[in-house]
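*Asks:* Sequence:
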Amino acid sequence: MIVKIQKSFAQQVGTLYLVPTPIGNLEDMTFRAVKTLQTVDLIASEDTRNTQKLLNHFEVKVPQKSLHEHNYNERIPELLDFLESGKSIAQVSDAGMPSISDPGHELVVACIEKDIPVVSLPGATAGMTALIASGLLPQPFFFYGFLQRKRSVQKKELDELKGQSATLIFYESPHRIKETLKNILEVFGNREVVICRELTKLYEEYLRGTAEELIEYLSEHSLKGECCLLVSGATETAEEEIFTGTLKEQVEEMISGGTSSKEAIKSVAKRHGLKKQDVYKEYHEL
1 MIVKIQKSFA
11 QQVGTLYLVP
21 TPIGNLEDMT
31 FRAVKTLQTV
41 DLIASEDTRN
51 TQKLLNHFEV
61 KVPQKSLHEH
71 NYNERIPELL
81 DFLESGKSIA
91 QVSDAGMPSI
101 SDPGHELVVA
111 CIEKDIPVVS
121 LPGATAGMTA
131 LIASGLLPQP
141 FFFYGFLQRK
151 RSVQKKELDE
161 LKGQSATLIF
171 YESPHRIKET
181 LKNILEVFGN
191 REVVICRELT
201 KLYEEYLRGT
211 AEELIEYLSE
221 HSLKGECCLL
231 VSGATETAEE
241 EIFTGTLKEQ
251 VEEMISGGTS
261 SKEAIKSVAK
271 RHGLKKQDVY
281 KEYHEL
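The numbering of the sequence shown is UniProt numbering, which starts it at 1 and goes up by one.
Just so you know, these hints were derived from the structure itself, not from any lab.
Honestly, I wouldn't trust all of these hints.
Calculated cross-link-like contacts (lysine to aspartate or glutamate; reagent style EDC-like; alpha-carbon spacing at most 16 angstroms) [said to hold, decoys possible]: (1) K178 - E213; (2) K276 - E263; (3) K178 - E192; (4) K248 - E263; (5) K114 - D94; (6) K53 - D94; (7) K53 - E27; (8) K266 - E282; (9) K178 - D115; (10) K275 - E263; (11) K266 - E192; (12) K150 - E179.
Computed beta-carbon distance windows for the label pairs [claimed, not checked]: (13) K248 - D47: 51 to 57 angstroms; (14) R176 - K87: 40 to 46 angstroms; (15) S66 - A133: 32 to 38 angstroms; (16) T200 - T246: 33 to 39 angstroms; (17) S85 - A133: 43 to 49 angstroms; (18) Y217 - E249: 34 to 40 angstroms; (19) E160 - K87: 54 to 60 angstroms; (20) V3 - K270: 43 to 49 angstroms; (21) E27 - R151: 36 to 42 angstroms.
Don't be surprised by glycine CBs; every beta carbon is placed ideally from N, CA and C.
Given only the sequences and the hints, what does the whole structure look like? Please build it.
*Replies:* Here is the structure:
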């Protein structure tokens, strides 16, 4: 393997700048980010209509081209030709850092293969912003992003993550977060959880509690705005905490947290390596 060395600011071709945009509050835009957008030759945007609002606010007159998950195969060769001609591009997503649960990675890889410099600017990203104010251990952390929507697939993902001792960071829709928490409770047990919504905006809010407590809260309240979901990592005592009480008491505890009796019985049976029928009989005192 030959090591490839990039001299970011000593090149003859154009440069791809990865420019973070605010995740809510426009005042989080950095001076360098604004200057970069003003001085490049083209802006590659996830959604040109959304980005135009940002450009208008900071009086940026540079033209845009869309670059998103549906057109990157056709668009990337065009952008590479543009960069190889000596011109520069700023890539932005709708909010936060490009490539972090957003488009961007494919263009970065294509530029590296062509020896085109890629320069990343520091800036806002929801996961880190929420983590340091969550109260959960900030390091180590494991950023996962969005979980799959289908319940069976999501539970499989969570099962692969349950042994992680690092604080886990997910992004989730407010409409799906209650069901995701139920899956987390079933797979991980009753861990400490923090939901952060509307980051950097007027109605920013942190909800802290156990998985069961937050499920109960969400049974009576609805959330708005994209959510950052943080879950404490696995600990040596976690298993002991999960398995306290009789089988009947464990099932009742999960039901009180919003889990259906069927799912609670299934989860408790899995904890102890028992048949569901055995836990069912214990719960119903048959």
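*Asks:* Of all the hints numbered above, which does this structure not satisfy? Sort the numbers upward.
*Replies:* As far as the earlier hints go, 5, 9, 11, 16, 18, 19 are violated by this structure, in ascending order.
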